[in-house]
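Peer 1: Please construct the entire structure, taking both the sequences and the accompanying hints into account.
There are 4 protein chains.
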Amino acid sequence: MDKTLLLNQVGNIFVEKMPFNRFLGISIQTLSAEKAQIQLPWKDDFIGNPTQKILHGGVISAVLDNVGGLLAAASIIAKLPEEELHSVPNKLATLGTIDIRTDFLRPGRGEYFIASATLIRSGNKVCVCRMELHNEQGIQLAFGTGTYLVG
Amino acid sequence: MDKTLLLNQVGNIFVEKMPFNRFLGISIQTLSAEKAQIQLPWKDDFIGNPTQKILHGGVISAVLDNVGGLLAAASIIAKLPEEELHSVPNKLATLGTIDIRTDFLRPGRGEYFIASATLIRSGNKVCVCRMELHNEQGIQLAFGTGTYLVG
Amino acid sequence: MDKTLLLNQVGNIFVEKMPFNRFLGISIQTLSAEKAQIQLPWKDDFIGNPTQKILHGGVISAVLDNVGGLLAAASIIAKLPEEELHSVPNKLATLGTIDIRTDFLRPGRGEYFIASATLIRSGNKVCVCRMELHNEQGIQLAFGTGTYLVG
Amino acid sequence: MDKTLLLNQVGNIFVEKMPFNRFLGISIQTLSAEKAQIQLPWKDDFIGNPTQKILHGGVISAVLDNVGGLLAAASIIAKLPEEELHSVPNKLATLGTIDIRTDFLRPGRGEYFIASATLIRSGNKVCVCRMELHNEQGIQLAFGTGTYLVG
Numbered sequence: 001m002d003k004t005l006l007l008n009q010v011g012n013i014f015v016e017k018m019p020f021n022r023f024l025g026i027s028i029q030t031l032s033a034e035k036a037q038i039q040l041p042w043k044d045d046f047i048g049n050p051t052q053k054i055l056h057g058g059v060i061s062a063v064l065d066n067v068g069g070l071l072a073a074a075s076i077i078a079k080l081p082e083e084e085l086h087s088v089p090n091k092l093a094t095l096g097t098i099d100i101r102t103d104f105l106r107p108g109r110g111e112y113f114i115a116s117a118t119l120i121r122s123g124n125k126v127c128v129c130r131m132e133l134h135n136e137q138g139i140q141l142a143f144g145t146g147t148y149l150v151g
Numbered sequence: 152m153d154k155t156l157l158l159n160q161v162g163n164i165f166v167e168k169m170p171f172n173r174f175l176g177i178s179i180q181t182l183s184a185e186k187a188q189i190q191l192p193w194k195d196d197f198i199g200n201p202t203q204k205i206l207h208g209g210v211i212s213a214v215l216d217n218v219g220g221l222l223a224a225a226s227i228i229a230k231l232p233e234e235e236l237h238s239v240p241n242k243l244a245t246l247g248t249i250d251i252r253t254d255f256l257r258p259g260r261g262e263y264f265i266a267s268a269t270l271i272r273s274g275n276k277v278c279v280c281r282m283e284l285h286n287e288q289g290i291q292l293a294f295g296t297g298t299y300l301v302g
Numbered sequence: 303m304d305k306t307l308l309l310n311q312v313g314n315i316f317v318e319k320m321p322f323n324r325f326l327g328i329s330i331q332t333l334s335a336e337k338a339q340i341q342l343p344w345k346d347d348f349i350g351n352p353t354q355k356i357l358h359g360g361v362i363s364a365v366l367d368n369v370g371g372l373l374a375a376a377s378i379i380a381k382l383p384e385e386e387l388h389s390v391p392n393k394l395a396t397l398g399t400i401d402i403r404t405d406f407l408r409p410g411r412g413e414y415f416i417a418s419a420t421l422i423r424s425g426n427k428v429c430v431c432r433m434e435l436h437n438e439q440g441i442q443l444a445f446g447t448g449t450y451l452v453g
Numbered sequence: 454m455d456k457t458l459l460l461n462q463v464g465n466i467f468v469e470k471m472p473f474n475r476f477l478g479i480s481i482q483t484l485s486a487e488k489a490q491i492q493l494p495w496k497d498d499f500i501g502n503p504t505q506k507i508l509h510g511g512v513i514s515a516v517l518d519n520v521g522g523l524l525a526a527a528s529i530i531a532k533l534p535e536e537e538l539h540s541v542p543n544k545l546a547t548l549g550t551i552d553i554r555t556d557f558l559r560p561g562r563g564e565y566f567i568a569s570a571t572l573i574r575s576g577n578k579v580c581v582c583r584m585e586l587h588n589e590q591g592i593q594l595a596f597g598t599g600t601y602l603v604g
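First to last, the protein sequences are chains W, D, C and E.
In terms of the working numbering, the first sequence is numbered consecutively and its last residue is 151.
In terms of the working numbering, the second sequence is numbered consecutively and its last residue is 302.
In terms of the working numbering, the third sequence is numbered consecutively and its last residue is 453.
In terms of the working numbering, the fourth sequence is numbered consecutively and its last residue is 604.
The hints are simulated quantities; they were obtained by calculation from the structure and are not laboratory data.
Heads up, some of the hints might be wrong.
Unchecked claim - The list that follows gives simulated cross-link-like pairs (lysine to aspartate or glutamate, EDC-like), each with its CA atoms no further than 16 Å apart:
#1 E:K470 to C:D347
#2 E:K506 to E:E564
#3 C:K337 to C:E434
#4 C:K319 to E:D498
#5 E:K470 to C:D346
#6 D:K168 to W:D44
#7 W:K17 to D:D196
#8 D:K168 to W:D45
Claimed, not checked - Pulled from the structure, derived: some chain W residues nowhere near chain C, Cβ distances all over 10 Å:
#9 S27
#10 L105
#11 R106
#12 R109
#13 G110
To be verified - Between beta-carbon pairs, the in silico distance windows are:
#14 C:H388 to D:T202: 54 to 62 Å
#15 E:R475 to W:P107: 26 to 34 Å
#16 W:Y112 to D:A184: 17 to 25 Å
#17 D:A184 to E:Q505: 44 to 52 Å
#18 W:T4 to C:H388: 22 to 30 Å
#19 C:E386 to D:E185: 29 to 37 Å
#20 C:R408 to E:L458: 42 to 50 Å
Glycine is no exception: its CB is placed at the ideal position from the N, C-alpha and C atoms.
Peer 2: In structure tokens form, the structure reads like this:
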């Protein structure tokens, strides 16, 4: 089995097989062992504030959690020796967020949004990611820190 | 103006005027200066895991953020002297989540869910809430801590 | 080997063998698989604010981390079958805090302080504790949430 | 009054007037409105693990909180118009940490340590800092996120 192919499959699962992610309408821009980046479109359904056209904080936490979890999945694949790649589906089935912190920096205004994650701790059982959310103009709206169970 | 009436209005705004909350379908069970409790129905759109019928972590963070923010709003109303209640709309317009931490305890299984919040720090500028999510059987699924700008 | 004896040994290590904990001067009040409680004396060395006699935030984070870590250690011992108790020292050597959040509620005033921890997620690899700090009058000063690597 | 002079005074208060910081032995490397950096020496009193010469997690949280709080103080000074600089002592007296999250990445080994902070949200009431801890070899040991009350 090929790691690039596996990464693509994982990306497809996130985007197409998770009902809540289909609602969000995310698409994957980058997915490697070091970095994940996804795009979130604007949808009126995401509005949290009735008087201003800004994202609900829950949408922001969700997309940050997604991009961190995606990178955690990629890091599992990257670490496995070729002969153990068959265990990827089992490992992904137990992948989960232990805790996440979101810091909201500015009102969530934009035409579309980019969420990105980098790996800051990569262990056999737990990995930790830092995440950021920017709008299409490059203005940072939020960031997060997520701890994921990977083993 | 009457504080109970104001609380009801705030509850209505959360439930009916915020598009993302309408998607979530939350309803308010309790709303006082000390405690807020909301109910989240099950919807297939909330599924995060394609092989198991469990809530996406982002839905959990969103509903915890909602119940904490609702309590923060109630605490603003509770503290204001009668003669300043006219300033409630302005104050609510600037109410916002500064940061939130969600701890995921168990897979988000259930027929419906109850999110509750209690106030642990109540200041003039900032309040801090602790939140919990249980399913209809009383099993705790997650908890959170949120810091809200209230002044 | 006896679990109660092991718990006592772990408590002694925390109190007597860790140089920073000797500086803090903590003593153990309760240590079981469900709850840990330690006492912190007042020392002028703990003062953070030069004009007020209150604890430095770092002392508060440290004592919360201690009581959570102590409970994580107790939970390791509690879960092990009798025939594997010989592996406790190895397991404790790899026990570590992954992340901790401290929420400061009130100025750290008191004659002495009680930090307590309860286990909210108890897994084979990771456990999560909630911690609280009160002074001798029962006034809550801070609380925390810690994620610990236990396996 | 001169802002540079005020920054120096604030630095001196952190280093010399706070008893717990004197115990830590921190010194200030950089202090501006955008960035703060402090140095922590190695001391055997900081050891958390009796079998390994590594920092206690509480020392790490404390030094991260310090450098974030120092930057929050600098940001207060930077924002004030000249004619209001006389209010700095009052403002600093109410400066406080609301919450802090520490993520531990690697065992705290080193001959000395550098903690640095950058401002990621700078409001009139609340600011948020991200902090990092490296050892003298440039290896990152921990990072943190702190929310500070500044107004």
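Peer 1: Please name the hints from earlier in the document that this structure breaks, with their numbers sorted from lowest to highest.
Peer 2: Violated: hints 14, 15, 16, 18, 19, 20.
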